[in-house]
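Counting from 0, one number per residue, gives the positions in the sequence shown under numbering that gives the first Met the number 0.
Worth double-checking, as some hints may not be accurate.
To be verified - Label-pair distances were calculated between CB atoms; the ranges are:
1. D90 x E129: 27 to 33 Å
2. G208 x E133: 27 to 33 Å
3. G87 x Q115: 16 to 22 Å
4. G201 x S100: 18 to 24 Å
Simulated from the structure, these hints should not be mistaken for lab results.
Cβ coordinates follow ideal geometry from the N, Cα and C atoms, glycine included.
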Amino acid sequence: MSASFNATDPSSPLYYLPNQTALLLLDYHGFIISQLAEAGTAALATAARMRTWALENGITVVHCLVDVHATPSVICKGGPRVAAMLEGLKDHREAVDEPASVAFSGQRGEFVVRKQPGIVSGLKSPGAMELLSERGIKSLVICGLSTSGAVLRTAIPATDDGFVVSVIDDACADRKEGVHQMVLETLLPNRAHVTNADEFIGEWEKASGRGRP
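Let the hints inform the model, and build the full structure from the sequences given.
Given below as structure tokens:
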């Protein structure tokens, strides 16, 4: 793992209180999970666990999804292909919705933002950055599909935008396992804290027991 858990270090996720932390759930649409087969199902289970834990601990939860009823920008490469795919899916609820285990349920501190098809970063969803700013969020915990898509394209720019970023590796998946590992082991660690759900929750709870600065 490549994460720093030091509650006195402003670059660590443990430095920030629950009300300064947000869990981002990126693109857990049914059709994306099915494309990733067993890896997608396993990532979904971890994401569902993280969502439950976050809500129980007063952490903001933001579901970042594709607006399947919108159309890609005319400058989006492959836009017609994306539009055709979504046209075939948008009336199939199981394909476009999040599975029940992770789905938005309107709990306090839980939000949904939707991005235009062809946009990859969850933070490019209209209203996403404003929501985080209004809630005083400083630290982002990212779970999502796919690792080389939404996760990478959300995590790295978020560090440039002034957020401390943590990525939960077992809540992510990619079509190619080698790409998944390369992103998590090579591309992300110099900017983000890469860890798993057990370690992140365990370290958070230890820090809470000691008290934060």
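Status of each hint after checking the structure:
{"no.": "1", "hint": "D90 x E129: 27 to 33 Å", "result": "31 Å, holds"}
{"no.": "2", "hint": "G208 x E133: 27 to 33 Å", "result": "30 Å, holds"}
{"no.": "3", "hint": "G87 x Q115: 16 to 22 Å", "result": "18 Å, holds"}
{"no.": "4", "hint": "G201 x S100: 18 to 24 Å", "result": "22 Å, holds"}
Checked against the numbered hints above, the structure breaks none of them.
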